[in-house]
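Number of protein chains: 2
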Amino acid sequence: MQIVFEGDERSLFLCMNKKLLVVGTMAYDAIETPFHKVDRILGGAATYIAFATSKFSANCGLVSVIGDDFADADLAKLTKLGIDAAGVEKVAGGKTFFWRGRYHDDMNTRTTLDTQLNVLENFSPKVPDAFKDSQVVVIGNLHPAVQKMALEQLDSTERFVLLDSMNFWMEHFRAELDEVIAMVDLISINDEEARLLTGEYSLTKAAAKIHVMGPKYIIIKKGEHGAQLYGEGKVFIASAFPIDQVVDPTGAGDSFAGGLAGFLTQTATINFDSLKQALVVGSIFASFTVEAFGVEAIEKVQNTELEKRILNFRALTHFNWDDKTLNL
Amino acid sequence: MQIVFEGDERSLFLCMNKKLLVVGTMAYDAIETPFHKVDRILGGAATYIAFATSKFSANCGLVSVIGDDFADADLAKLTKLGIDAAGVEKVAGGKTFFWRGRYHDDMNTRTTLDTQLNVLENFSPKVPDAFKDSQVVVIGNLHPAVQKMALEQLDSTERFVLLDSMNFWMEHFRAELDEVIAMVDLISINDEEARLLTGEYSLTKAAAKIHVMGPKYIIIKKGEHGAQLYGEGKVFIASAFPIDQVVDPTGAGDSFAGGLAGFLTQTATINFDSLKQALVVGSIFASFTVEAFGVEAIEKVQNTELEKRILNFRALTHFNWDDKTLNL
Numbered sequence: 001m002q003i004v005f006e007g008d009e010r011s012l013f014l015c016m017n018k019k020l021l022v023v024g025t026m027a028y029d030a031i032e033t034p035f036h037k038v039d040r041i042l043g044g045a046a047t048y049i050a051f052a053t054s055k056f057s058a059n060c061g062l063v064s065v066i067g068d069d070f071a072d073a074d075l076a077k078l079t080k081l082g083i084d085a086a087g088v089e090k091v092a093g094g095k096t097f098f099w100r101g102r103y104h105d106d107m108n109t110r111t112t113l114d115t116q117l118n119v120l121e122n123f124s125p126k127v128p129d130a131f132k133d134s135q136v137v138v139i140g141n142l143h144p145a146v147q148k149m150a151l152e153q154l155d156s157t158e159r160f161v162l163l164d165s166m167n168f169w170m171e172h173f174r175a176e177l178d179e180v181i182a183m184v185d186l187i188s189i190n191d192e193e194a195r196l197l198t199g200e201y202s203l204t205k206a207a208a209k210i211h212v213m214g215p216k217y218i219i220i221k222k223g224e225h226g227a228q229l230y231g232e233g234k235v236f237i238a239s240a241f242p243i244d245q246v247v248d249p250t251g252a253g254d255s256f257a258g259g260l261a262g263f264l265t266q267t268a269t270i271n272f273d274s275l276k277q278a279l280v281v282g283s284i285f286a287s288f289t290v291e292a293f294g295v296e297a298i299e300k301v302q303n304t305e306l307e308k309r310i311l312n313f314r315a316l317t318h319f320n321w322d323d324k325t326l327n328l
Numbered sequence: 001m002q003i004v005f006e007g008d009e010r011s012l013f014l015c016m017n018k019k020l021l022v023v024g025t026m027a028y029d030a031i032e033t034p035f036h037k038v039d040r041i042l043g044g045a046a047t048y049i050a051f052a053t054s055k056f057s058a059n060c061g062l063v064s065v066i067g068d069d070f071a072d073a074d075l076a077k078l079t080k081l082g083i084d085a086a087g088v089e090k091v092a093g094g095k096t097f098f099w100r101g102r103y104h105d106d107m108n109t110r111t112t113l114d115t116q117l118n119v120l121e122n123f124s125p126k127v128p129d130a131f132k133d134s135q136v137v138v139i140g141n142l143h144p145a146v147q148k149m150a151l152e153q154l155d156s157t158e159r160f161v162l163l164d165s166m167n168f169w170m171e172h173f174r175a176e177l178d179e180v181i182a183m184v185d186l187i188s189i190n191d192e193e194a195r196l197l198t199g200e201y202s203l204t205k206a207a208a209k210i211h212v213m214g215p216k217y218i219i220i221k222k223g224e225h226g227a228q229l230y231g232e233g234k235v236f237i238a239s240a241f242p243i244d245q246v247v248d249p250t251g252a253g254d255s256f257a258g259g260l261a262g263f264l265t266q267t268a269t270i271n272f273d274s275l276k277q278a279l280v281v282g283s284i285f286a287s288f289t290v291e292a293f294g295v296e297a298i299e300k301v302q303n304t305e306l307e308k309r310i311l312n313f314r315a316l317t318h319f320n321w322d323d324k325t326l327n328l
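Chain order of the listed sequences is A and V.
Counting in this note's numbering, the first sequence runs from 1 upward without gaps.
Counting in this note's numbering, the second sequence runs from 1 upward without gaps.
Source of the hints: derived by calculation from the structure; they are not laboratory data.
On a predicted model such as this, the values are computed, not experimentally measured, just so you know.
Check the hints yourself; a few may be wrong.
In silico EDC-like links for lysine to aspartate or glutamate, alpha-carbon gap of 16 Å or less [said to hold, decoys possible]:
1) V:K276 x A:D322
2) A:K205 x V:E307
3) V:K132 x V:D105
4) A:K90 x A:D69
5) A:K276 x V:D322
6) V:K205 x A:E232
7) V:K205 x V:E232
8) V:K234 x A:E152
9) A:K209 x V:E291
10) A:K205 x A:E232
11) A:K90 x A:D68
12) A:K148 x A:D178
13) A:K37 x A:D114
14) V:K222 x A:E224
15) V:K80 x V:E299
16) A:K308 x V:D323
17) A:K276 x A:D244
18) V:K308 x A:D323
19) V:K209 x A:D106
20) V:K95 x V:D68
21) A:K205 x A:E224
22) A:K132 x A:E158
23) A:K222 x V:E224
24) V:K308 x A:D322
25) A:K234 x V:D244
26) V:K324 x A:D68
27) V:K37 x V:E89
28) V:K37 x V:E291
29) V:K209 x V:E179
30) A:K222 x A:D106
31) V:K90 x V:D105
32) A:K132 x A:D114
33) A:K308 x V:D322
34) A:K209 x A:D191
35) A:K148 x A:E179
36) A:K324 x V:D323
37) A:K126 x A:D155
38) V:K216 x V:E232
Build out the structure end to end from the sequences listed, making use of the hints.
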């Protein structure tokens, strides 16, 4: 199938076009870095994920919750990219989830200054009928009980589920989280979270333990040091695409998941080899995201830029070697 | 030229066989890790470098200094690998350089508990005439004034010099170090040292500044996170080969330099592409070194294991991607 969108280049990629579902938060963020400060910009895991998936998927449904303070213009940014927002519940009289944080000098660690859950507190995700049979599903960082609620509504017999989570749920809702982890195909977490989840310092050992918990594939993100994929008894070690100037790291992990999942909607099969490519795609999306505040960069990224950066990444990381190299 | 060494496999690699000179310390080390403790084992930068180069080079000279407490058996470990030790000065009545250190729980940072310079204090390197025209030269971590003394004795018109250094010299002997840096082709330092040397946090910017100081090529080592090569306006980003269990990180950087330089003695030309391969070879040598205490692992490594690990590294880090991948 070849669908042509007027005015952009997405048609290039649309061939397989599996149905994709994104479940996660939509938010307003206030972000401080050592260099800049912004108040109340569009954010939330599902927002970043959806922006990234939309570069590949013409059949993407979004399940989230917002208050009636959520700007129509912000929702329109997603729908005009082809995202189906029927699953986004707008709570009358409610306020949208709000997060305020400050990044430290290393641009890597951050302090949360304010979290107002608002409508997220009673979020009960409702997957629209049209997306219950989605073949690729991304469950963004949320309370594991909420993640489970969403997963239990799916009726697709063949699906690939990617889960994100974070240290807070590992520390306080471990039993609930373990139940969700057992239900997914791929978990994407960072190195500290992998260590927290397993008690193993070695990432190889941590991945092996997580594999036993359920997921066939494990991605461990290492920020500026890249990411690793484990599965089918194999390992893939990717560096991070080098960025001259990180402006705002918010949403990097979500864009990573979104780019990865979006790419998978277009592959004939989902296996270790296509996941390697998907991981690279995800990394490149993350590299765009951190170059500007909020969704500014990922909203604008063109597929030609994406492909150029992927080929550049290959050139930066591949080396020539064959059986004859040492026998000079 | 094909030289066959009885009882090992080095003959496989010996074709170009450029002359190689190693200048650096020989030492006895006492090492504590969270798991083990050893007293007085063979160490020193030049020792590790020479063990690694010997896997490739049949024409390698060593310039160093030892006391008469240095065991003949330890020197024999090097000479029986074909290392020419005529440039190793034995100071009668002197004691060999001694270092005692403790690695912390992360196996990455360490505390020096004792440094006895001994014969190193008055070390005045003398390059044997037979090695003054060496085509590949490795100057290990030493006082920059001593490094300069060695470099000034060379009379080869075409040579490639690799320099190692460390934070101590950058902090206390900056002017002398700058003079040496201006004389070399490649400098190999870690990320913190690159930042210290340039005042730039970004490694790309740091490399650009070091390039202006003289070296055509810059390698920035990032420990477990790999290494980067800069030169000819290009960048190569390599991950580190994953190790199940780091036993002793001592000598990793020196084995890296030695493996890299040894490989270069066998390449027809030294340029960005062969340096990419050399960097990979160096990383793999470092990965062997840290799997055992002291020189134990690097002393024993066979070329078949080396090649196997390099091919494994390629499989771990390369991904398939071509112009058609996104147009699925």
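Restraint check for A:K90 with A:D69, where alpha carbons must lie at most 16 Å apart: The hint holds at about 9 Å.
Regarding the pair A:K276 and V:D322, is the alpha-carbon distance no greater than 16 Å? Status holds; Cα separation ~14 Å.
Are the Cα atoms of A:K222 and V:E224 separated by 16 Å or less? holds, 11 Å
Are the Cα positions of A:K132 and A:D114 separated by 16 Å at most? The hint is violated at about 34 Å.
Sort out whether V:D323 lies within 16 Å of A:K308, counting only the CA atoms. The given pair, whose Cα atoms are some 10 Å apart, holds under the 16 Å limit.
For a C-alpha distance cap of 16 Å, please report whether A:K132 and A:E158 respect it. Since the Cα atoms of A:K132 and A:E158 sit roughly 11 Å apart, the hinted pair holds (cutoff 16 Å).
For the pair we were handed, A:K205 and A:E232, check the Cα-Cα distance against 16 Å. Holds, because 15 Å separates the two Cα atoms, which is no more than 16 Å.
So if I understand the rule, the pair passes when the alpha-carbon distance is 16 Å or less; does V:K95 with V:D68 pass? holds, 6 Å
Just to be careful, I want the Cα atoms of V:K209 and A:D106 compared with a cutoff of 16 Å; is the pair within it? Measuring from Cα to Cα gives roughly 21 Å; hence the hint is violated.
Given hint A:D106 paired with A:K222 - CA-CA distance at most 16 Å: holds, 14 Å
Between A:K209 and V:E291, does the CA-CA distance stay at or below 16 Å? Judged against 16 Å, a Cα distance of about 23 Å means the pair is violated.
Taking only the CA atoms, is the gap from V:K222 to A:E224 under or equal to 16 Å? holds, 11 Å
Hint check: violations occur at hints 2, 3, 6, 8, 9, 17, 19, 21, 26, 27, 31, 32, 36; the rest are consistent with the structure.
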